[in-house]
Amino acid sequence: MNWFLWRQHRKQFLVFGILLALFAALLIPTGIQYWHTYQQALTNCAQHPAVYSCDDLTDTLFTSQADGFVRIAVVLGTFGLPILVGLFIGSPLLAKEYEEGTNKLAWTQTISRRKWLTTKLAWALGFALLYGILLTILVTWWSNTINTIALNRFVQGHFETQGLMPVAYSVFFTAIGFTTGAWFRKTLLALAITFAVFVVCMVSFANWIRPLYMTPVTVTAPMGPNDLGGKIPTGAWVLRRDIVDKNGKTLNGDIFFVAPPECQQIIQQADVRGNGHGGIRVKAVPSPNGGDPIDDCLNKAGFHQIAKYQPSYRYWEFQEIESGIYLGMTAVAVATTYWLVLKRDA
Amino acid sequence: MGIAIQTKDLGKRYGSFWALENCDIIVPEGSVSALVGPNGAGKSTLLKLLIGLSTASSGQSQVLGKQPRQHGDFLADIGYLAQEIPLYKSLNAADHIAMGKHLNERWDEEFIRKRLEDLKIPLDRPVGKLSGGQRAQVALALALAKKPKLLLLDEPVAALDPLARHDFLSSLAQAVAEGGLTVVMSSHLLADLERVSDHVIVLAAGKTQLCDDVESVLKSHKLLVGPREHAKNLGDGISVIHETHTAKQSTFLVRTGKGAKLTAHWQRHEPNIEEIILAYMGQAKEGEAQ
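Residue numbers (the numbering used here), protein chains in the order written: chain C, -9 to 336; chain V, 12 to 301.
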């Protein structure tokens, strides 16, 4: 059975091997180069603090158009390869057999349907696991420089492309591929549904599910340009930043309309002077104590800023929780596949 | 002679539709049975139940003394050829031979290689690029290389041209002649079956209409032709399978039991197996229409 599976799927495995090799051909040289560039910049700014600043490396390094392409390629590749494994290893695994009737050929040899299925699933999941591991080693290594500079691995596009997640996606979408294949028995339909599940998962986890894994840390600050930012540690995943009134109600839209009359007056004056159009971050006449008169007025009226964030040290806990969820969903998918294949007629 | 297949009240339901109902058949060991019936009669359903690809909704079946199930113990002695003759299109015949070797405990490598060589089927070409006749031959050879005691064939010649059909049936006849093999083969091409089979099962409208060896079927059926005015009076111990009437003349195809007595008005003829089978199919069709 193992020999036959290898014979049957070796072309697919080969294609995926080539794709990974091409990806490595992009990542290994740029990864080395990025690290050297970063080290060079650190040396430069330490030796010539007058010429180079060590603080704004995020803004100055890897900002060329070519670097932009490399980053896009990395994100696309790391999102793309696991779902491609799901689509082209997972979806056809059973669907193609049903579609072409070859399941009837296989199931009438001297082998139980259960053993046949177990072998197929083990190969597909094993391949997905290995592929995910190689991919994440490559990308997590490559991301080292960027992580060091940007200090944020939490945001969408970074969280999903490093650590445990590429492995979880590769395995889960392969499982979804063969489950939908066993269910609908049409390769194209299984492919389409697997892709739809991928899109739904990516969007819903990043926006609605992931923020809920742990209660976020809440900080408040008075109105003012830098007061809140200073309280959020670097590398944190900021979920929301809002202005709230004295009753704790979150502000939607322009603060002008809810501000007390004395503040509205100051804002209006500032608008006239600064040509602003109702925004709150316009330059105003400095107040006697040196602060922004608008902020001072709003603070007096009880307005303040609030932020909720997940601190960066929770990164690995989040990775474990999310990959745990995917592992659980994979187990459900595998169990469903066994039921579909063994209990239904050929 | 032993019994290769026996079913009792075997039935298969899809939703509320019974594809096969109350099917009782007995297939003796060593026979070549023709499983005939119109499209949708339940032939494929019956064969799938017998090989364990489907599970029965009602009744029982014993195949080579075992209940059909998806397990090597059961499958080892049975060869099966599905209607669409499924093969892995991108793999070549040599790959299929290797597959058979890996997936079967009993495997006659020498036999299948020699057979495909005799048939001049290229081993190194993807089977998707072979002709329909060659694919059918590869599939049959794969089924035979298992050295099965029972071979279940689901309309294997339906898609083949007359020459390929002839070759296929010769191959089958040759395998049967080597002995020890029971064959059940479905088709709606009666003439082909007549050539190779010695036992006949007629399925129509999801039910067994007839299951017997060809010789006794021929012996027990008569074609009666006579004046229509006597149509009500055929004799004793006779059951009518099919009747046709013109203004003055009536024709009956009847099954005669032991000690059947015919009244004198009727001319007797010996129907051939094709006429008998058609009569049973016609009967089922009329039954359905009523």
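Hints in this document: simulated from the structure, not taken from any laboratory.
Keep in mind that the hints are not guaranteed to be accurate.
Stated by the list, open to error - With a straight-line cut-off of 25 Å between C-alpha atoms, the simulated DSS-like cross-links for lysine-lysine are:
1. Lys176/C with Lys19/V
2. Lys333/C with Lys140/V
3. Lys77/V with Lys105/C
4. Lys105/C with Lys131/V
5. Lys1/C with Lys100/V
6. Lys86/C with Lys100/V
7. Lys1/C with Lys112/V
8. Lys259/V with Lys19/V
9. Lys19/V with Lys105/C
10. Lys140/V with Lys86/C
11. Lys140/V with Lys1/C
12. Lys86/C with Lys158/V
13. Lys105/C with Lys296/V
14. Lys333/C with Lys296/V
Said to hold, decoys possible - Rough simulated footprint, nothing fancy, chain C against chain V, three-plus residues with beta-carbon under 8 Å:
15. 104 to 113
16. 217 to 226
Just so it is clear, CB atoms sit at the ideal spot from N, CA and C, and this is done for glycine as well.
Against the structure, the hints come out as follows:
Restraint check for Lys176/C and Lys19/V: not satisfied, since their Cα atoms lie roughly 35 Å apart, outside the 25 Å limit. For a cut-off of 25 Å, the pair hint linking Lys333/C to Lys140/V is broken: about 34 Å separates their Cα positions. Using a Cα cut-off of 25 Å, the hinted pair Lys77/V and Lys105/C holds, with the two alpha carbons roughly 20 Å apart. Between Lys105/C and Lys131/V, the direct Cα distance comes to roughly 35 Å. Violation of the 25 Å bound is thereby established for this hinted pair.
This hinted pair checks out: Lys1/C and Lys100/V have alpha carbons roughly 14 Å apart, not beyond 25 Å. Proximity of Lys86/C to Lys100/V is assessed by CA-CA distance (about 11 Å); at most 25 Å being required, the pair is judged to hold. Using a Cα cut-off of 25 Å, the hinted pair Lys1/C and Lys112/V holds, with the two alpha carbons roughly 22 Å apart. With a CA separation close to 43 Å, the supplied pair Lys259/V and Lys19/V exceeds the 25 Å bound.
Between Lys19/V and Lys105/C the CA atoms are separated by roughly 30 Å; this puts the pair beyond 25 Å, and the hint is violated. For the given pair, Lys140/V sits about 18 Å from Lys86/C by alpha-carbon distance, which is consistent with the 25 Å threshold. The straight-line distance between the Cα atoms of Lys140/V and Lys1/C is roughly 18 Å, inside the 25 Å bound, and the hint therefore holds. The hinted pair formed by Lys86/C and Lys158/V fails the criterion: a straight-line CA distance of about 28 Å is larger than 25 Å.
Between Lys105/C and Lys296/V the CA atoms are separated by roughly 43 Å; this puts the pair beyond 25 Å, and the hint is violated. Restraint check for Lys333/C and Lys296/V: not satisfied, since their Cα atoms lie roughly 34 Å apart, outside the 25 Å limit. Closer than 8 Å: that is the beta-carbon criterion, and the region 104 to 113 of chain V has 5 residues meeting it against chain C, so the requirement of 3 holds. For the region 217 to 226 of chain V, the stated coverage by chain C is violated: 0 residues have a C-beta nearer than 8 Å to a C-beta of that chain, whereas at least 3 were required.
Hint compliance for this structure: hints 1, 2, 4, 8, 9, 12, 13, 14 and 16 are not met, and every other hint is.
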